[in-house]
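*Asks:* Sequence:
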Amino acid sequence: MTSLETASATPTPPALAATTMCEAFQITAAARPDRVALRTLGDEVSITFAEYAHRVRKLAGAFHALGVGPGDAIGFMLTNRPEFHLLDTAAMHLGAIPFSIYNTSSAEQIAFLLGDAGNRVMVVEAVFAERAREALAQTDTVEHLIVLDDPEPEGAITLEDLEALDPGDDFDFEAAWRAVQASDVLTLIYTSGTTGPPKGVQLTHANELAQGRGLVACGEFANETGTPSVVSYLPLAHIADRGLTHYAQMIFGLTLTTCPDPSQIFAHVADARPTRFGGVPRVWEKLKAALEAGIAAEPDETKRIATQRAIGAAMEKVRLEQRGEPVPTELADACEQADALIFAQIRERIGFDRCISYLIGAAPAPLELFEFFSAIGVDICEVWGMSELANVATIVPRDRLRFGSVGRPIECLEIRIADDGEVLVRGDTVMAGYRNQPQKTADTIDPDGWLQTGDIGTFDDEGFLTIVDRKKELIINAAGKNMSPANIEQQLKQGSPLIGQAIAIGDRRPYNVALVVLDPDATATFASEHGLADPDLQAMANEPAVLAEVAAGVERANSHLSRVEQIKRFKLLECDWPPAGDELTPTMKLKRRPIAEKYAAEIEALYA
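For the sequence shown, the residue numbers in the numbering used here are 1 to 608.
Derived from the structure by calculation, the hints contain no laboratory data.
Any given hint could be a false lead.
Stated by the list, open to error - Derived lysine to aspartate or glutamate pairs resembling EDC-like cross-links, with alpha carbons at most 16 Å apart:
1) Lys58 - Asp169
2) Lys568 - Asp521
3) Lys571 - Glu604
4) Lys471 - Glu422
5) Lys471 - Asp443
6) Lys58 - Glu160
7) Lys472 - Asp455
8) Lys571 - Glu549
9) Lys58 - Glu83
Unchecked claim - Cβ pair distances, simulated, as ranges:
10) Ala340 - Gly226: 19 to 27 Å
11) Ala65 - Cys575: 46 to 54 Å
12) Thr329 - Ala267: 36 to 44 Å
For every residue, glycine included, the Cβ atom is placed at its ideal position computed from N, Cα and C.
With the sequences and hints as input, model every part of the structure.
*Replies:* Here it is, written out as structure tokens:
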């Protein structure tokens, strides 16, 4: 079945006929009043759509009592929890502009966002309250601080206090949300700040509804049976979670399970049994490592060997399919049997037994990752997009897997490649502009509506897009050779499971070098297998056996690279690079400039 045939068989949700996300939510809540909308692990909290709608009405009135109205921004600093959805959706119904702040942000960074957004109300959890107060001392825009989980917050009000506020006789909830326009700003998504201070991407109600229509048209929501569900665990400040869980729930009536601690994501997946799941490559890499470790630790030797052989055979079948070569009948039959007897049990154990859609995006992913998961019946489709495009711009069709490609454009977008290779996009999901930055908006969106993405890409004959690299991150060595650092880094991470993160350096240099960081999970396993007493990363970075394995991994990577791309020297660092730290954004993208500055001495030593 082609993607177009899949799409034509997909019923269009009534909410997609709405003109605003407020209307979409009201249509969905009215159509599914008894369906669980929001829940937590083990159903400790369970809220139906009818209850959700009731709370939204009440909280909208409370925000109105604080003076919140159309166009007013409200800042949130919360973990993934039901209260976020209640409060954010309530603000949206007033025509306000709710936005989220990364929970790892410093007081200085928070103050910058508050000043840029100009919000008068801020909602935080008690654990973030101290940082929020430090930020508030640096700006004078916020008039009301609402603190969750603290019964007596100093100089602030509780959620209970908020809900008790009387909106007054002048408040008309129905009139308020019906007054919201399609062109009104729905939310602000602040960029990760890898190339300077964050920019506030202004997305409209029309942008988000166009995203929903585009995903339906390409067949992404086809064949979903039973109660569709999703787990919210990615940062709420990122468009991926806002778009594919928060807003998608309003359109498609998903049951949404909130996961406040991303390290516990697969406990929540096993509990929720979602029908769709997506993550950045690092999430998938950790799951793969955990599955492989579990298989290797299987005490029943016969079962262990059978599973490993089945995966090997299934990966060979996947590789033949990707090359467009015929699969021998004997191999196809063996894989079908393995799926029924082995892989189905693995999927059920993870919580993927109901899942029909698996997505990956935000960064390059190694080929072996796609092959492994496809072998066990988890067909991951790569997507490409950005905050400025309301999330997903291209997607690999589920029935046309193409590893290494990010797929075809969703229906509402045009994409072309500029003369210098940059990917340009035009269409209904293109942002309304950057908040308070008209010049940067003009620099990004040309007069004809084409958004300059900053990504270098190519199209194949079938219209599948491949992203080569970021335009500004290409390595141009001293000899003038252009190289993709992302491609080199991907090969390094494939070279050895011990390599958790790597950054290739070589711009204006005679040859390429790399900084390498160990993977904590793989390193702990390596320590156990080799009888090493101290699995701490600092100790392991100096272990001869570890250094030898990483060096071998670099050589394996070099074997897949041209001579000019190869890594001549590397430095194994004695630390981890956690998300939202000095080196990585919350979504695990490399902060290249800060890394170059922080490790300047180590880099220079590699060229000494």
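*Asks:* Just pull the numbers of the violated hints for me, sorted ascending.
*Replies:* 2
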